[in-house]
Each structure stands twice: as structure tokens, then as C-alpha cells.
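There are 2 protein chains.
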Amino acid sequence: MGMCEGKTFKFSNATITSFAAVVGKVEGEGPYGSEFDEVIEDNKGGTDTWEQAEAGLQKKSLQYAMDKAELNPEKMDLVFAGDLLNQCTGSSYGLKDYYIPFLGLYGACSTFAESLLMAASMVNAGYVENCAAVTSSHFSSAERQFRFPLNYGGVRTPTAQWTATASGAAIVDASQKAPFIRAATVGKIQDMGITDLNNMGAAMAGAAYDTITRHMKHMGTHPENYDLIITGDLGQVGSDMMYELFKRDGVSVEGKHKDCGLMIYDRDRQDVHAGGSGCGCSASMMCGYFLKKVRRGELKRILYTATGALMSPTMVQQGGSIPGIAHAVEITSE
Amino acid sequence: MGMCEGKTFKFSNATITSFAAVVGKVEGEGPYGSEFDEVIEDNKGGTDTWEQAEAGLQKKSLQYAMDKAELNPEKMDLVFAGDLLNQCTGSSYGLKDYYIPFLGLYGACSTFAESLLMAASMVNAGYVENCAAVTSSHFSSAERQFRFPLNYGGVRTPTAQWTATASGAAIVDASQKAPFIRAATVGKIQDMGITDLNNMGAAMAGAAYDTITRHMKHMGTHPENYDLIITGDLGQVGSDMMYELFKRDGVSVEGKHKDCGLMIYDRDRQDVHAGGSGCGCSASMMCGYFLKKVRRGELKRILYTATGALMSPTMVQQGGSIPGIAHAVEITSE
Numbered sequence: 015m016g017m018c019e020g021k022t023f024k025f026s027n028a029t030i031t032s033f034a035a036v037v038g039k040v041e042g043e044g045p046y047g048s049e050f051d052e053v054i055e056d057n058k059g060g061t062d063t064w065e066q067a068e069a070g071l072q073k074k075s076l077q078y079a080m081d082k083a084e085l086n087p088e089k090m091d092l093v094f095a096g097d098l099l100n101q102c103t104g105s106s107y108g109l110k111d112y113y114i115p116f117l118g119l120y121g122a123c124s125t126f127a128e129s130l131l132m133a134a135s136m137v138n139a140g141y142v143e144n145c146a147a148v149t150s151s152h153f154s155s156a157e158r159q160f161r162f163p164l165n166y167g168g169v170r171t172p173t174a175q176w177t178a179t180a181s182g183a184a185i186v187d188a189s190q191k192a193p194f195i196r197a198a199t200v201g202k203i204q205d206m207g208i209t210d211l212n213n214m215g216a217a218m219a220g221a222a223y224d225t226i227t228r229h230m231k232h233m234g235t236h237p238e239n240y241d242l243i244i245t246g247d248l249g250q251v252g253s254d255m256m257y258e259l260f261k262r263d264g265v266s267v268e269g270k271h272k273d274c275g276l277m278i279y280d281r282d283r284q285d286v287h288a289g290g291s292g293c294g295c296s297a298s299m300m301c302g303y304f305l306k307k308v309r310r311g312e313l314k315r316i317l318y319t320a321t322g323a324l325m326s327p328t329m330v331q332q333g334g335s336i337p338g339i340a341h342a343v344e345i346t347s348e
Numbered sequence: 015m016g017m018c019e020g021k022t023f024k025f026s027n028a029t030i031t032s033f034a035a036v037v038g039k040v041e042g043e044g045p046y047g048s049e050f051d052e053v054i055e056d057n058k059g060g061t062d063t064w065e066q067a068e069a070g071l072q073k074k075s076l077q078y079a080m081d082k083a084e085l086n087p088e089k090m091d092l093v094f095a096g097d098l099l100n101q102c103t104g105s106s107y108g109l110k111d112y113y114i115p116f117l118g119l120y121g122a123c124s125t126f127a128e129s130l131l132m133a134a135s136m137v138n139a140g141y142v143e144n145c146a147a148v149t150s151s152h153f154s155s156a157e158r159q160f161r162f163p164l165n166y167g168g169v170r171t172p173t174a175q176w177t178a179t180a181s182g183a184a185i186v187d188a189s190q191k192a193p194f195i196r197a198a199t200v201g202k203i204q205d206m207g208i209t210d211l212n213n214m215g216a217a218m219a220g221a222a223y224d225t226i227t228r229h230m231k232h233m234g235t236h237p238e239n240y241d242l243i244i245t246g247d248l249g250q251v252g253s254d255m256m257y258e259l260f261k262r263d264g265v266s267v268e269g270k271h272k273d274c275g276l277m278i279y280d281r282d283r284q285d286v287h288a289g290g291s292g293c294g295c296s297a298s299m300m301c302g303y304f305l306k307k308v309r310r311g312e313l314k315r316i317l318y319t320a321t322g323a324l325m326s327p328t329m330v331q332q333g334g335s336i337p338g339i340a341h342a343v344e345i346t347s348e
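Chains as they are written, first to last, in our numbering: chain A, 15 to 348; chain B, 15 to 348.
If you are wondering where the hints come from, they were derived from the structure by calculation, not from laboratory data. Some hints here could point you the wrong way.
One copy or any two copies: either way a pair holds, since identical chains are not told apart in the list.
[As the list claims (entries may be wrong)] With a straight-line Cα cutoff of 25 Å, these simulated BS3-like cross-link-like pairs (lysine-lysine) come out:
no., residue 1, residue 2
1, K89, K231
2, K24, K58
3, K21, K82
4, K270, K89
5, K89, K314
6, K272, K231
7, K272, K307
8, K314, K191
9, K89, K21
10, K231, K58
11, K24, K231
12, K191, K261
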């Protein structure tokens, strides 16, 4: 698909030493509700606004992760964080009181993979002893910002995804216990010409295909070498598109593939259309569910690939398409 | 000021091998106008919108930097980029056609220092052979997004800064020729309780003070060890506040200090109130002016500290304050 290969980074000293997830009420009522560290029943999280509530999710998820690692903010060397809100204020307002050296990222819904790979890079290289990766999203703050104000009462399209109210936090260090981050591949921006804000899965499918393909090529692996290939929030439409792209290369990923957006809700019971999305969706599924299974050795090798739609309502209103990106992080139990 | 020290990263293999800056008409008419690689006279840069024009600035500045290093996009391993637009679309739309592995950052006006320090970290650790750092800002797209639409015709307050229409791009590799990136300190978010969107210099002064203080402590240096301490866009109000904070510690930085926001325009001749701001302001002054002086040995050791106001109009409308951050990058000629 491209001329420039890019590189896959390899790590020998990057452990996800602790991880935690905090979610909203709807996510708490989903099939993995009991796996999360806390379910916040109040959509405003005891604050006055959705935006402050989202900041609160990040604050809580990082606190849980620090508690589990017996770390406090004074002992934290660095945090990478991002979210979907304009100017990434979920991160800056959520984490400012911890006073930890802070590097803000923006990768839309790919941000948790981006932050994990950056945390692994910095710990593995020895720049820091530990580094946190934190992201969040919130249904109400995202709808207000990206689509329509909720009280507009618009009918959602069938391809529309449901932004998860959720945050995940992971702390990486060099402690040599599972889960290990073994490798990572940075995504390239892919533009498939999609212009529909309610069809982001399609905009991201090409990016997932490209990054996973490059990662496996550089690692010398095939889908059968992984227990699971986990995408962030392609949804059903985006997943099907990704399968088609792999099929052109004679590669089948369907049997190994799980999409966090398709898992976080019970789509028969919960009215969430094409599934979940948002920076917090795969962050909470990774930190609430998948990383536990890797730690216990029930999953030995997974390829976590979070996709992001690098779109802006302003650009789409100007007729621009929605570029996608995906970053891949390989995580193992040994 | 804080309990947590954080770390200063040291680099022995990080050279800024090429750099370039592209600016708008007003910046081209400023005192350093002749230093920039290109001055775009048309505010929309030949496109239909200001946002597309800003994307074009990033595309151009990186192209100039690649040309100077005799690199093409296929030979680029990684790019860190960010801007002030919502969803950082100046970066994603500006750089998507290069198809270079892309990591998006958000640090408001601190983003060029953030991207430089990340580029140095990744090259110095050997993850990549080269890595670009690119940021931009645009007066018209920023005014529309952050304050008032330009056609509202509001009177600007005296403390208001003028968002620079500018982009800077630098390429870091391990080629062992000046300028060298020798060290960097990641900022912590500082909240000084400022709530005025037109007084961002004050919101950022504490962050600059904190990061520069920690950097010098870790390096065992004092202001006199540097030829210059260069801040991004504190403006006069923010610079004066920073001097006051240093004075409490018995440290004088005035004689060594230059602020890119106070340099980029001729404030007697150009009606820019408190000076320039924006991700592109210090990026273009570094890539158009200061790095040339380091390469020629006219500046031997500089501490570039870009500050960012991590504010969102939404949070400020909700009564929130404006947190600031600053990242420091030490650059030497030997």
C-alpha cells in the first residue's frame, strides 16, 4: 500500500506493571461491566459538566493504576496522555493536580496505543524508570463537540458508533513480569476518502490493515502467531472492510480478530448501533480485561492495534475527508 | 515549587541536521522576515480556507527541511507533529500525503519543544535513524477557534497576543554535527489560576520558571552558563512574571532571556499588542533564526523553553482556569 516501510520498535525492558479502568453507567451495564475497577453511575461524575466528568475519569483511572503499583505521583517519572476533547482538556485538567511530567498526545481513538508505545519506548531506552499511559472519552462531551448537542434529539444513523464513557491507565516499567510490551509499529496517516462523520470505522479500516501488515512483515509473523489481533473501535463496518483488504493479500484475520468497540456493549440489548468508539473504549477494554488475561497467561501474544479518525468537524464541513491512523503494540505473557 | 523532581534526559546522539521555517505576510514584514525560507503573502495560501492554509504551512516547512537534508518522505522514519487547531488537523491534513510514520502531539504553544525532545529521544535511543518535528499556527484559524470570529470586529485587549502564521520543521538524526540536542526536561502542568483567555502569558510564566529551574538543577547549571534562555511566547507580561518568580530564588535571568513572541514582530510598527504566540511562533524563530546561529557557533549553548496554555474555550466558559506547561530543550554548538 505504501512506499515507505517505517520501522517496528523492539523492546526488551518494558512491562505493563499495573493497569486500571474506570467507566460510565452504560459501559458498566455491558458484558464486561464487572471487569472494570469502578463504574461511575452519574454521567457528570459528581461535577457540574461532562467535560469535568471526563477529566475525573482520567484522574481516577491513573490513581487506581498507581495504587496497584504502590506508586504515588511523586514517584512517577512521566505520563503520556490524550483524549478527544478540544485542546485535550480531559488529560490536562484530569492530571494537572498530580504534578507528574506530562507529554500530551493526540491520536484520536488511537491514542491509547500511541501512549503505550511511547511509554514503552521511554522506559526501554532508560530515560525514565516508569511512565504512565492514560486516555479517556465521554459519550456526552464527544457528542456535544463532534456531532450534535444531545438535546437536539437527532436520530442516529445505523453506522454511527457510541463514544464510550471510559478511561484506561497503564504504568510501564522495567520490572520483567508479564504483560510485556515487546514491539510496536507507528501508523501512517491513510486517507480513504470517507467524508461521513458517522462512518468512522470505514475511515480507519485501511489504517489498521496497513499498520498490522507492516508490523507482521517486520516481525516475520502471521495472524496465526497471535492469540488475538485486537482493534480499537473499527465496529462491524470497519472490521468487514479490514477483512476485505487483508483478503486481497491472501491473509485471513477474521478468526483471530476482536474489536473492542464490538465487545464493550451488548448490541442486542443496548442501543449503540455500530458499537463503541472513543479513546477510552479500547483503553478500558485493554486495562479492564485483556491485560489481565495476558498477565494470567491465558493470552500469550496479542497485537493491540488502536485506530483513530484524525477528523475535525471544521475540515469535514469544508468538504475534507477523514484521514485514519493506527498504531500497533505487541504484548506478550513471556 | 513541587515535590516531584522529574528527570532531565541526556542525549549524546541527537543532531538537528536540517531545519526550515515558512511564515505568513505579517511575520515576513517583521524584523526577522528575511530569515525565513518562504513568506506566504496570501493568508489562505492559495487554498479555500485558513485551516487548509495552515496545513499547507506544515507541508511546506517539512518539505524545505527534507530538501536541505537531501531526504525524501520514503527515507523518513518518523514525524512528531502538532498544532493548535481542534483535532490537530493542521498536522494530519498537512502531513498525510507524505505517508511518514506519524505521532501526533498536543502541547499547545509548547508543542515544538515537545516534538523536538521526543525526536531527540527516539533518535538517541536508536529506534529510528531520523525523525522530524513539525508544528504550525495560523492567526486567522486560531482567532476563529479560540476567541471571536474575525468578522465580529472585536477590539483586542492590551494583553492579547497575536497568533503567528508560521510553521517550523526540524529533522533530527545522529550525524554528529551542530546543532546538537544535549538534554531536555519535560514540563509539569502548572495552574496559576488565570481565567482570562487574553492573558495566556501569565498562565504560562509559572510553568517556564518551574521547568527551567528543574533543568538547571539537574544539569548543575546557572543562567550564566547559557548564551541565551529562549522562551516561546510568554510576551512581556509573562516574561515579567517569570523574572519575578526567579527573583524569589535569587536568580536573575533577564540578561540572558529572549522571548520569541517579543521578537517575531516589530511591536512599535506592527499592531500586535503583547507580541506573538502560537505553536508556529517559536518553531519559526528557532528554525528560521536561532538554530542558524548555533550551527555557525555564534551561540554555543542555548536553553529553548516553549510554553503552552493548555486551555480550552469550553473549560474557560465553565469557569475553569488555564493550566500552563513548558518543556525545555538544551541545544549546543559543540
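Results of checking the hints against the structure:
1. K89 <-> K231: between (38 Å within a copy, 18 Å between copies)
2. K24 <-> K58: neither (41 Å within a copy, 43 Å between copies)
3. K21 <-> K82: between (33 Å within a copy, 23 Å between copies)
4. K270 <-> K89: neither (38 Å within a copy, 33 Å between copies)
5. K89 <-> K314: Cα proximity of K89 and K314: none, with 30 Å in one copy and 34 Å across.
6. K272 <-> K231: For K272 and K231, only the intra-copy Cα distance (21 Å) is at most 25 Å; the inter-copy one is 48 Å.
7. K272 <-> K307: Answer is within: at 14 Å inside a copy they meet the 25 Å cutoff, but 53 Å across does not.
8. K314 <-> K191: within (13 Å within a copy, 45 Å between copies)
9. K89 <-> K21: between (32 Å within a copy, 11 Å between copies)
10. K231 <-> K58: Neither. Shortest intra-copy (45 Å) and inter-copy (42 Å) distances fail the 25 Å Cα cut-off.
11. K24 <-> K231: within (14 Å within a copy, 33 Å between copies)
12. K191 <-> K261: Neither, since 36 Å and 47 Å both go past 25 Å.
Against the hints set out earlier in the document, violations occur for numbers 2, 4, 5, 10 and 12.
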